[in-house]
Amino acid sequence: MDEEKMILSHEPIPLYRKVFHVTILVAVVILAVMFMISVPRFH
Amino acid sequence: MNNLIPPPAILIVGALFVPLIKGKLKSAYLLLLPVLAFVMLLKMPAGKYWVVHVLDYDLIFGRVDRLSMVFGYIFTIISFIGVLFALKVEDDLQHVSALVYAGSAIGVTFAGDFFSLYIFWELMAIASTFLILARRTKASQDAAFRYILVHIFGGLCLLAGIIIYIQNKGTIEFSYIGLDGMASWFIFIGIGLNAAIPPLHPWLQDAYPEATVTGAVFMSALTTKSAVYLMARTFPGTELLIYIGALMTAIPIFYAVLENDIRRVLAYSLINQVGFMMCGIGIGTALAINGTVSHAFCHILYKALLFMSTGSVLYMTGKIRCTDLGGLYKTMPLTCLFCMIGAASISAFPLFSGFVSKSMIVSASSHEKLVAVWLILQFASAGVFHHAGIKVPFFTFFGHDSGIRTKEPPLNMLLAMGIAAFFCVAIAIFPKPLYDILPYPVHYVPYTGAHVVGQLQLLMFGALAFCLLILSGYYPPEMRAINLDTDWFYRKGGRLFNNVVDTVLNRINAISDRLIARAIPVWLGRLSRTPVTSLLTLYVKATGKKDLVIEDLKGDTRPEATTLLPMGVPVLISIVFLFSLFVLFVFLT
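Here the protein sequences come in this chain order: A and B. Numbering follows my numbering, in which position 20 of the first sequence is assigned residue number 20; successive positions increment by one, without gaps. Numbering follows my numbering, in which position 555 of the second sequence is assigned residue number 555; successive positions increment by one, without gaps.
None of these hints come from the bench; they were simulated from the model. All the pointers check out, no bait thrown in.
Partial pick of chain A residues on the chain B-facing surface, computed with a CB cut under 8 Å:
1) Lys5
2) Met6
3) Ile7
4) Ser9
5) Pro12
6) Val19
7) Thr23
Just so you know, these numbers come straight off a predicted model, no measurement behind them. Just so you know, even glycine gets a beta-carbon here, dropped at the ideal spot from N, CA and C.
Chain B with its partners taken away, still in its complex shape (with noise of 0.2 Å):
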């Protein structure tokens, strides 16, 4: 493997370069690191490879098989369409970001230990808080520094699971894990967080819409799915992971219908598709293992395509909540037309990807016979199409006139999501391709009449109940307004537990100021001044009897600082006494 060149470190080490190039070069060199880390791929045989001996342990940084090639390229191919979305940003920090952060990803796919595992996975966080902060937004900031304390939690966890692993098993290398003890719990939650799996998941709708226009399409690619692969390779067949997966393909719907805001509707989408993953991940069977990584591949795309063209929109009109967009086909028809493949995809309209991957994980949990993980995906895949399907191109380019009068974003943005919507639509009428470098063998027909009529039946009742929705008035309004998921328990309840502490430690605090600190040092002064007084008005007050003449008494105190000895001098007594005592304590011994 002499010959060959890591392709994390293409695109990381690369990425260090790009500030130093100018010009058409740079936008060259861009394209070029992308392409260079695919064609690596293509000549990376299976095996392990790449192994680093460090202190004792074995570093691997290429393990190659199915499962971590299918992610592989798939990383790499997004990472070119992003390049080339981002290529009129002139912002090196967004570049450099996106090519570290898409670098970890590709690593964490091909890393076969926990040690570099873990380096990747931290500098995929890092990498990925700067495309947020890059959007230089107070909110952005906000969102920023939630999104990185809350990824640093999970890698808290993950840490703590790889060091029990290895503590328990004596090796860094993994594979198959599976929850059976502490270690796998923590490594579980570590990944879950990543994945986005309730009720870890609300810094992904927090965090994607605030970062740049250019960054959430790296970001909708990149973290969730390298955390799918990590979930695919260490926990298949973990039946907790079903129920997961159906929880979060069924709860993001109703948050997403609610939301004003075009690409938090698109991060909840997110987490309803990766909820699919998860599902198929649990089932664990070859047909659910070989759909959950078919949908990763063919949800990178789509939801890709979406983020792009809800982007573009974004960069060229400066708007992205549905209360302040619509009417847009007329000057945008080409990102319509994009929007509306990637609505397609991801609702799995036939002959649009989503539809011969998704179907896949579906029909594995009917023939696992699971009724219930059936109905809620049925629900879920209505429910997409609802939101994302609908709602997404709707409200941004149809819907109401919101009087903006733009134009199309530039050539560069408008290829970027053609290839997306291409590989959408190629996909789903040729996924014979993808099928072939699936984990296992397919022998899945995507297009069956059945499967096709169930399919458009489920969509097209899904698009009646939008209508019904919207001509009666029940559809909820779309207002101006942050809607809080379980963050809440750290946007709010976090505030308030500090307002709480802040508040009784502060009562603590002064109490025991005016008390130990002020109180009674007075007192004990009073008292040593004048003891008989002080005593005496302290009997009086303590017994109420007033009858007692204290300014008689007051003859008898001592004279302010008349009598009293430095505080020296009793120092000086006892020190003098202690030596005495020592002395007489070694001679006599």
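Okay, chain A solo, but in the shape it has when bound (with noise of 0.2 Å):
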């Protein structure tokens, strides 16, 4: 009988973890700006 895989992990590869976190914070900030432009207009 075959070993059933009990794990299937998402090894991190290098300088990546840097890239995601940019991201997340060029995400945020464009996020913040963009509802401060375009929430009011529902009002």
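Take the two lone chains, each set in its own frame, and fit them into one complex as the hints suggest.
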């Protein structure tokens, strides 16, 4: 009988953590700006 | 209407003859039933017919209008696709259950009164339970048991609501109800349970992945969507549904990301998609209701396609977990293609069916200036792409190479997937035929520049998030475990409750047994035999005066059972006494 794999983990690739954090930061800033511009238009 | 046969009857009665037919004739017969039902649907004009007078009530088996017709069409279409997919299954239990289930769902759709609705509603629950049981594993038996218990609870809520409703209104006919009293709340909960509204939803991700390969296809299409139909019929414009729907779209995303079982991921995405529909019903405008109905139509097709493609993988490999699968695109290219079409459709990619339906609901929320709801729906759109759009095909067909080398499923399965995939693309490219059958006139244009670009932005950033999460190692690992949702309350909490109650009650029982059944009778027996010694012993024990010599008193006690009268003697004396009193009473009066 085949041995069943219990866990499928995703190992980090060097540098991508930094890319991830920078992307999150940029995304948050962009979202904040977009909300400030667009949300008042709803009202 | 004498020349027409009710479509539910075609499927339900027709199902009973399935075990009697063998060989290729059976395949033809199975396919013929939904085709015949569809032909009948095409001939059915709007109105109320097939009315049966029972007791003082009129049971209406044919309430046909634009709303019921859309669901009637899609239920028969998916029945045909499902039957085609299951054609090689040599298990009559599955065929009969699936056809009865489909017939009942169509019966719910055309029921014009509460009695016939309830009959079909319960028949649907029972038939679908057999589709889980038919997998014949311990896990499926347990899941089926939980499934039917939950649905019995929902059915009882519905029944309670129906009885109170009839008591209040004096009629069994129903249309718009609205939340305005106990009856409506019971009915709402009964329907809501089938629609998997939280916290009544865990039966769905518990049961669907345990169903048979073909059973899951029918289940994904019928139970929740018949509930969506009923909600759209009875509770349109109910504000509570907007928030319930928004909740339904967002919460399952987190669970789906954590899930290892591919069909459980799909079950969570099903709740997410029904959330969009609940939102549309809650908003209740013509655009929102059209969006809900069209989304239900498209969703049935692409969700069935996803369940068929992942079911094919399970059928061919016997595995369905992310930890076990991967790299199957090499050996199952067509199945992989169909899965990706389903994934693109559920993600609402332009040129795939979800795009022309889901966007109507999202637009309706922005038209009504529901900012928070609109944002949640956008988040949910990105989330569903993340798990159903990317995770399902990625971990099944791509990702790591699992080493599994198999081949494509049988031709009938590929054909069924091909038809569903064709509908997914055709509806997106030519949405007009679908828009023409919706309950209200449609003035919606899905393919505008802003809409297409906006949706692509959303999806591309969703894809970017997935890639970065995987590459940075932040994506949660897939583990062989069962993630408990609110089913904790009956799977763990219920067991805890049972153990606590069991322990406490058994302890009380043991103490009672020791005290009342043993200690007290023994002591009373001893007291009656040796009254002085017993009382003195008790006195000595109570006061601690050990200087009293009890042994000396033993001579005063009555000898064992020598002077005791038989029990019958005092009884006889009592009877004589009472009889004397009776005689005296009779003669004196």
